[in-house]
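**Student:** The listed protein sequences derive, respectively, from chains A and B. One gets our numbering by counting positions in the first sequence from 1 and adding 98 to each. One gets our numbering by counting positions in the second sequence from 1 and adding 98 to each.
Calculated from the structure, these hints are not laboratory results. Quantities reported herein were computed from a predicted structural model and do not represent experimental measurements. Possibly wrong hints are sitting among the right ones.
Since copy identity is lost for identical chains, a pair holds within one copy or between any two.
[Claimed, not checked] Simulated pairs of lysine to any residue, SDA-like, Cα-Cα distance not exceeding 25 Å:
(1) Lys354 with Gly366
(2) Lys106 with Ala237
(3) Lys124 with Thr332
(4) Lys148 with Ile385
(5) Lys124 with Gly307
(6) Lys262 with Arg342
(7) Lys279 with Gly307
(8) Lys304 with Ala153
(9) Lys360 with Gln350
(10) Lys179 with Glu271
(11) Lys354 with Asp125
(12) Lys360 with Ala182
(13) Lys304 with Ala126
Number of protein chains: 2
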Amino acid sequence: MSDFFIPKLAVVGVGLIGGSFALALKDAGLVGEIVGIGRGRANLETAREKGIIDAFTHSLAEGVTGADVVFLSTPVQTLSKVAAEVLPHMKAGAILTDGGSVKADVVAAIEPMLPAGIHFVPGHPVAGTEQSGAAAAFATLYRGRRCILTPTPRTDAGALERIKYLWQAAGSEVVVMTPEKHDRILAAISHLPHMVAYALVDAVGKCSGKNENILDFSAGGFRDFTRIASSDPTMWRDIALSNRTALLEVIQNFEKSLAEVKQDIATGNGERLFDFFLRSKQKRDAIL
Amino acid sequence: MSDFFIPKLAVVGVGLIGGSFALALKDAGLVGEIVGIGRGRANLETAREKGIIDAFTHSLAEGVTGADVVFLSTPVQTLSKVAAEVLPHMKAGAILTDGGSVKADVVAAIEPMLPAGIHFVPGHPVAGTEQSGAAAAFATLYRGRRCILTPTPRTDAGALERIKYLWQAAGSEVVVMTPEKHDRILAAISHLPHMVAYALVDAVGKCSGKNENILDFSAGGFRDFTRIASSDPTMWRDIALSNRTALLEVIQNFEKSLAEVKQDIATGNGERLFDFFLRSKQKRDAIL
């Protein structure tokens, strides 16, 4: 049996992220027992029926007792509160890890609470679909996707290696960086686009006159472009507030870029507009 | 034979838009001869090989002579120039129509040039793919899509009916509105999103530090969201400048919506953020 085998894994929040992590590790033969912890009984029963978890409980204390690894996959703004409740019940040498989309805030809140001998490895698997809940979970969600781990100087090297191994076993490419760098990158490539999509739908809706809804005219392009504005408002409120500093900075960068386009349209500067569009097209094509 | 049969159709610019229009009308049995007019010989030869056109010429004058309907599907900023060249050679009773993405400017430029007895029906089929050229054309491009016709008080009612019939035969739902309303709607649902996508890629690219390219981290969401930033820079420069007034107005609306989001993030107003995201999500879900 591998050195990285986990006799008992506890998953707090058995949704798409937590459920898929459990399924992937089961498929890899890396876990013994999996206990699911959550509030909703129906979701936990679904998870057990799907074979994601072996047992479940509504009690955080009970669920994490004896667990070797505890994975937190609850909404980002609940992570430090949940950590505060589970840490006193974790056994010596156990590892707490998470899947939150924002890292600096979470790390700053959780690290000071760590009892001696309990390790914390902050993480963020960059994956997801529009679905949620245990019913949406599947074992290959993380295959070929990036998982970012954000250790700090306090993070135990052995614990980091162990969590890294789990994500690699789930099929992910693991990237290690500081929490701050993670937040800056995610603000740019994920959080900003969501803010922009929500703002765009709002603005276009407001362009509608009496007796007409401009959105009725939207063709495929608009629908595709604004798909992410259908994302969960609670989740995105939490992410926006948790990653406030980095997000405000990239919003300002974006406002400057758009102001440049606006200025060139207003002054009819076709040459600059063309150059701007071409540069963006080239950058965009490069990530295809 | 239908009253709406076209013995000779001339298509100026045999690309995705013009070529698909020709193919759709051929399939509907509504055209006799189709002459393609353009600059690039290779593209015209492809069009003839694919059966889109029966013959081609590089001469506008020659190509439109004797045509019952002339369809202009060249870039939007060339439309008035091309119209100026073809109008003197069109036969009495013939109809000029176009597929340009911007209407008020084009109508204002072409209407004053119309000789007596030549009709002009401005139009815009709201369809397209990322591909271009005759090789990309297909007969069903317009099926289930909207085609907006933008007549003015000067437009001949019979000519309007005839062009309307053609687009319906191509499978489109035809909507009739003023050029100004068309431009306002398209500025909101199409032109603004393109400006936003170009600006977003620019801004995110600028967030990259030394030795790192943030775009390398972009996951599926960002790729989908910015897909339209891969659109043709020349075409979008032309559209942006042609629809300047309406576009500047919606950019300002969008800036206000984004400023609202930014303000709520800066002040940590979770309740307002949630309401904003929820309203946008509901509007977006309604157009699914």
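**Student:** Look at each hint and say if it fits the structure.
**Tutor:** To see whether the hints hold, each was checked on the structure:
1. Taking CA atoms no more than 25 Å apart as the test, Lys354 paired with Gly366 passes in both settings, with 18 Å inside one copy and 23 Å between copies.
2. Proximity of Lys106 and Ala237 under a CA criterion of 25 Å is satisfied intra-copy only: 18 Å inside one chain copy versus 59 Å between copies.
3. Taking the closest pair of Cα atoms, Lys124 and Thr332 never come within 25 Å of each other, the shortest separation being 30 Å inside a single copy and 52 Å across copies.
4. Within a single copy, Lys148 and Ile385 get their C-alpha atoms no closer than 36 Å, and across copies no closer than 33 Å, so neither meets the 25 Å cut-off.
5. Proximity of Lys124 to Gly307 under the C-alpha cut-off of 25 Å is found in neither arrangement, the shortest distances being 55 Å within a copy and 39 Å between copies.
6. Proximity of Lys262 to Arg342 under the C-alpha cut-off of 25 Å is found in neither arrangement, the shortest distances being 28 Å within a copy and 52 Å between copies.
7. Taking identical chains as interchangeable, the C-alpha atoms of Lys279 and Gly307 lie at most 25 Å apart only when they sit on different chains, with a minimum of 10 Å there against 44 Å within one chain.
8. In the homo-oligomer, the alpha carbons of Lys304 and Ala153 never lie at most 25 Å apart, since the shortest distance is 49 Å inside one protomer and 48 Å across protomers.
9. Within a single copy, Lys360 and Gln350 get their C-alpha atoms as close as 15 Å, and across copies as close as 9 Å, so both meet the 25 Å cut-off.
10. In this homomeric assembly, Lys179 and Glu271 never come within 25 Å of each other (Cα to Cα): the closest approach is 29 Å inside a single copy and 54 Å across copies.
11. Taking the closest pair of Cα atoms, Lys354 and Asp125 never come within 25 Å of each other, the shortest separation being 47 Å inside a single copy and 49 Å across copies.
12. Neither within a single protomer nor between protomers do Lys360 and Ala182 lie at most 25 Å apart by alpha-carbon distance, with minima of 48 Å and 31 Å respectively.
13. Taking identical chains as interchangeable, the C-alpha atoms of Lys304 and Ala126 are never at most 25 Å apart, the minima being 50 Å within one chain and 40 Å between chains.
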